[in-house]
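*Asks:* All chains should be built: construct the whole structure from the sequences, respecting the hints.
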Amino acid sequence: MAFVEDLEKPAVRDTTGATLAGFRNAEDLIVPDVKDVVEESVSGHKPKGSDAISDHTMILNMGPQHPSTHGVLRLVVEIDGETIVSLAPDIGYLHTGIEKTCEAKFYQQVVPLTDRIDYLAPMTNNLAYALAVEKLLQLEIPDRAQWLRVLFNELMRINSHLVWLGTHAMDIGALTVFLYCFREREQLLRIFEAVSGQRMMTSYIRIGGVSLEPPLDLYKQIRTFLKDFPSKIEEYEGLLNGNPIWRSRLEGVGFLSAADAIALGVTGPPLRASGIDFDLRRDMPYSSYEKFQFNVPTSTVGDVWARYLVRMQELRESVKICLQALDGLPEGRITADAPKIILPDREQMKTQMESLIHHFKIVTEGFQVPAGEATSSVEAPHGMMNYYVVSDGTAKPYRVHMRNADFATLQALETMCKGRLLADVVAVIGSIDIVLGAIDR
Amino acid sequence: MADAITNPATPEACFGKEAVTAALADHAAIKGLADLIVDAKWDRQELTLTVAPDTIIAAAKAAQAAGYNFLEDVTAVDWYPTEPRFQISYSILSFGLKQRIRLVARIAEGQSIDSITSVWPSANFYEREVFDLFGVHFGGHPRLTRIMMPDNWEGHPLRKDYPVEGYR
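As they're listed, the protein sequences go chains A and B. Numbering follows our numbering, in which position 362 of the first sequence is assigned residue number 362; successive positions increment by one, without gaps. Just so we're on the same page, our numbering is the position in the second sequence counted from 1, plus 441.
If you are wondering where the hints come from, they were derived from the structure by calculation, not from laboratory data. Check each hint, because a few of them may be wrong.
To be verified - Subject to a maximum C-alpha distance of 16 Å in a straight line, what follows is the list of computed EDC-like cross-link-like pairs (lysine to aspartate or glutamate): (1) B:K601 <-> A:E103; (2) B:K539 <-> A:E290; (3) A:K105 <-> B:E606; (4) A:K100 <-> B:E606.
What the hints assert, rightly or not - Some chain B residues flagged as far from chain A (calculated, every beta-carbon gap over 12 Å): (5) E524; (6) P562; (7) E595.
Being a predicted model, the structure only gives us computed values, none of them experimental. Glycine included, each C-beta is placed from N, C-alpha and C at the ideal position.
*Replies:* Set out below in structure tokens:
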């Protein structure tokens, strides 16, 4: 229980978050570069013959193949004994130049690329991209498509949070939870496969709506999952909440104050766990989220444990939203009425000359998007996900830029870990829930 | 304050500093940045304010003072061969007002723009990314090094004169 007593950074309590302009010295919050960390450690070394071991710091390389770094994150850590002096994330190992590739594709061909960014929540990426392009095209999306988008986005949130919980618990040493989480995730992946034909890279949400009408028994399958799932959440909590190792590894670790969270660009569950009540689904609704009733879980503590509690509550809220989406699912079209932008269905294409021409034109030349720039912003499982799309009036995007929560949240890692123990870094990485595909792009 | 986004009197789109300041006179960002705006655009429910590159820190501070407390994103668009070539876009959100604005500064090849890390430390990684992929220099940035590409990489991949499939 040695980690619990150190509470020198209490969270700032501000419910609106609107007036939090001042934070401590900006320089303290800047993440160092790998070279800085190494140079700092080397310059602190005593000359040969000095026996003051306690004055030496050590450089430890963690990752990119370390299992607790959730992908290919490399951390260069300067430690004094077991205490973190400074820490530099080294990213780019998964950089595939997706933004550059997007510029060479037609608008509709970019959708499968977006799946591969935050690969734990592909449909959320699809939605963010589709919303940005629809804003440029000024398309009206029918209610049924919007409800389906909400439904699958919330299932994606459950999917992503299950991977977070499983891997986070495994990093701390609770292996069973990982197996339980993946058992439920398997059901979700089957649902995604049933609706889109793919388990992970779904590309289900397209520009102008969704790609396919879900199969008839799918709603029953989702309902069965949603009916069982709350008891599964209790099962995970039963395994973890009373576990003294889990509690002492999480409680009082990795504090992030509300002011620091804003200064460092942190969004999503870590922001809400630091006491800022802001959720895009409620505060700046998109895709009909204003028609759903749900709570936004928050905490004012700001430690790893608070982030755990917030995400567990989010799982319950997602179940509520999914049930509302299923109950209120309107009838109607699943795509906007824009034959020159949306591919016609196969039946029409084979029987009507006009549809065949539209199909041929869309596939071979794409569709032109009016010049301009648009930002879409959605509340992804990891936080705020923005797509910035610039069009020059041609059929290919001039620029596509993704702002993922993970990239910004990673900057807060040093602030959360500084002065803490090395083992806490693993707990903190688990609690910020990063995906390297979204960071490196 | 009348909300510019839901106010039905707001026109669908208007361009130019005079037109936008007249149409959105109540908007917190227009009020806060009034003397810094060079050009403005209200299009698709989004407000884009262009400022001179040498006033970017002042503009960021003014936006922060006007309630836009959260820097979401810093990125660039390469308008090659148009001059000035680079458009640096800052996306800034207000948690209180629930609004987003976009600050834009246009800079030429080889021209430097001041870093806003002193206003928002979160700009650190974003500016490093723009430096890495576009080769735009941010003056006063504490650690301006490559972030995505290897340190010995030649060229800046997101420039328009850099081919998608690499140099042949």
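*Asks:* Does each hint fit the structure? Answer for all of them.
*Replies:* Quick rundown of the hints versus the structure:
| no. | hint | result |
| --- | --- | --- |
| 1 | B:K601 <-> A:E103 | 9 Å, holds |
| 2 | B:K539 <-> A:E290 | 14 Å, holds |
| 3 | A:K105 <-> B:E606 | 13 Å, holds |
| 4 | A:K100 <-> B:E606 | 9 Å, holds |
| 5 | E524 | 16 Å, holds |
| 6 | P562 | 4 Å, violated |
| 7 | E595 | 15 Å, holds |
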